[in-house]
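Novice: Work the whole structure out from these sequences, hints included.
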Amino acid sequence: MDQTKNTTLSDLENAFKEVMETNPLLALHDRELNGVNYKVFANAPKTMRDLFDVIGLLNGDFPFIHENGNEHTYLEAIQKAKNLAGFLSEKGIKPGDSVGICMQNCTEWIIAYLGIAAHGATCVPLNSWWRSDELKYGVEHSELKLLFVDEKRYQYTQDLDVLQVLKTDSASEAITFNDVLQNACTDWPEENATDEDVSVLLYTSGSTGLPKGVMLTHLSVANAILGFYTLGELRGLVKGETLLAVDNAKILLNIPLFHVTGLITIFLLSTLAKRQIVIMNKWDTSDALNMIQSMKITNISGVPTQSWDLLNHPNVDEFDLSSLIDIGAGGAARPEDQVQSLHDKFNLPLTFGWGMTETCALGAINRGDEYLAKPNSSGLNVPYLTEVAVTDENWNFLNSGEVGEIVFKSPTNTIGYLKNNEETEKALKDGWLLTGDLGYIDDEGYLFIVDRKKSLIIRGGENISTLEVENALDRHANILESCVCGIDDPKFGEIVGAYIYCNADVSEEAIKEYGFDAVISEREKAQLNIDATFIGLREIKLTSAEYDWRAKEGEITGMYLIDKEGILETRDVNARFINGKPEAIESIYIMKNPEAWDRFMRFMERYGPVSYTHLTLPTILLV
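Per the numbering used here, residue 1 is the first one in the sequence shown, and the count goes up by one each step.
Do not rely on the hints blindly, as some may be mistaken.
When the alpha-carbon atoms are kept at most 30 Å apart in a straight line, the in silico DSBU-like pairs for lysine-lysine are as follows [to be verified]: (1) Lys345 with Lys5; (2) Lys345 with Lys46; (3) Lys419 with Lys94.
Derived CB-CB ranges, DEER-like [to be verified]: (4) Ser341 with Asn421: 42 to 48 Å; (5) Val238 with Thr168: 45 to 51 Å; (6) Ala332 with Asp53: 33 to 39 Å.
Keep in mind that the hints were calculated from the coordinates and are not lab data. This structure is a prediction, so every number in the text was calculated from the model and none was measured. Cβ atoms here follow ideal geometry from the backbone N, Cα and C, with glycine treated the same way.
Specialist: Here's what the structure looks like:
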């Protein structure tokens, strides 16, 4: 193939036919699941236990986990997982019972997952950022029989009605992780799950209501892992790339393991790729650069802001990053200029992936030259195993270039949301997952995300893409991040508003002209007359921390969120300081009654959609 031409979906289809003839593990066959016919890997391991055993046979022993100088080989981790699975059986845990993990990224998290999944229980990774009420909801909703928890989370879970295993010995009355591993087991428990049983239950963010429990079967997870591996093989044939089968491969685990990306595309895919996982307990750009250099990291992925952090670190040129073969991203699109800047800076292929918790993270991937040529595209899907299409509101499948809701058909799709038939029926139709993303597919098979269906702004009957406006704003040199949303308007119903995070002073007028006028021009809708509203981060007030370069954690003592209804106040704030300035802020706002909940939700709805992991709110006062 001409390496200067874009890889097309047809190219991948032809390559897959060749792969299936030479690698029996990647051969596909038809299988009916819940009345729907799918293409699945014919020789895929049936359960996660089978997968872990097959990987041991294929790869033998290899360096698997590295955390703060401590290492486990794959077989060492598997032996501890067998001991843990035996403990679960001793406690009466049966296949299908729910067992939770709520810990910061750590070796124990990985071993706990291996043991739970291979036992046949349903693993429930709980969000480690949750606090008491949220954790209580997760424990009760999933009907946990047992919970593995670290010290920080234990302060929020110790009163819950569930048997708990504590990571260390700091609480004398609790069972500890070391206790669990005492009884050596030579094999897995006799009883196992089936491939259609739920292997893992992952909770959504809950930004529009209570978190939904996404049920993923053993078959779904195994096919997702093989799907990612297959895509690497296909790119090897078509582009001559070596992405997964790399000697001494090491990936930085800089995404929470409770997130589908951390769990599947970093952790579980690494078992098949014979890749060592280097654990970061918490993201820090300087630490990441040091680890890449010292550990000879080959792969790093994460959200776009993390690669932006690497690119813009003041001392990045002082580090030897030559071991890197890929910088990946997902979760949100990179701005076009960031794609080019990363390529120019690091001179290596970049990867962007689109997927969802509901698809086991498998979706589409854009990489290398094609990513530079089409930086706004999510890339190509895995042919045959997955299907991507675009539909209108009447379930008509649209032609290339036509915008509609993106739908995804794959054996990796969720079987539904736990105890939520209404949302399950909304999300699944004839084997297709309705993603809620709006987009189109071009003539070469590349997927383009235009917007979220629920985030579309309808101004006087005219549909306006929030993503399109954000892309225009993000090209401004002084805008680091933008979040566009609709604002209630008596005349038009909604008008366009934006939250802006800047690295320098930018006037409201300049932002309106640069961002919104650019969108109007690009879309060739001169008559649209968008009356833009700039919201932005208006004010950040600090105490002595602003001036004291020796400031330490805890000098920020409170936070106030201000809107037209008044002030929402919390004193439960933690901050991490770099050079005397707060780089990361975590706060807890407790709603003590239904009225307080309603007040808070009005605030979020008024200024949303807002990322709950970023402080992109209209007015934030830190004191």
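Novice: A separate judgement is required for each hint: does it hold in the structure or not?
Specialist: The hints, checked one at a time:
1. For the proposed pair Lys345 and Lys5, the alpha carbon gap of about 23 Å is at most 30 Å, so the pair holds.
2. The straight-line distance between the Cα atoms of Lys345 and Lys46 is roughly 43 Å, outside the 30 Å bound, and the hint therefore fails.
3. Annotation: proposed proximity of Lys419 to Lys94 holds, straight-line Cα distance about 20 Å (limit 30 Å).
4. A hinted range of 42 to 48 Å holds for the C-beta pair Ser341 and Asn421, which are about 47 Å apart.
5. For Val238 and Thr168, the Cβ-Cβ distance of about 48 Å falls inside the hinted range of 45 to 51 Å, so the restraint holds.
6. The hint said 33 to 39 Å for the Cβ distance between Ala332 and Asp53, and at roughly 37 Å that hint holds.
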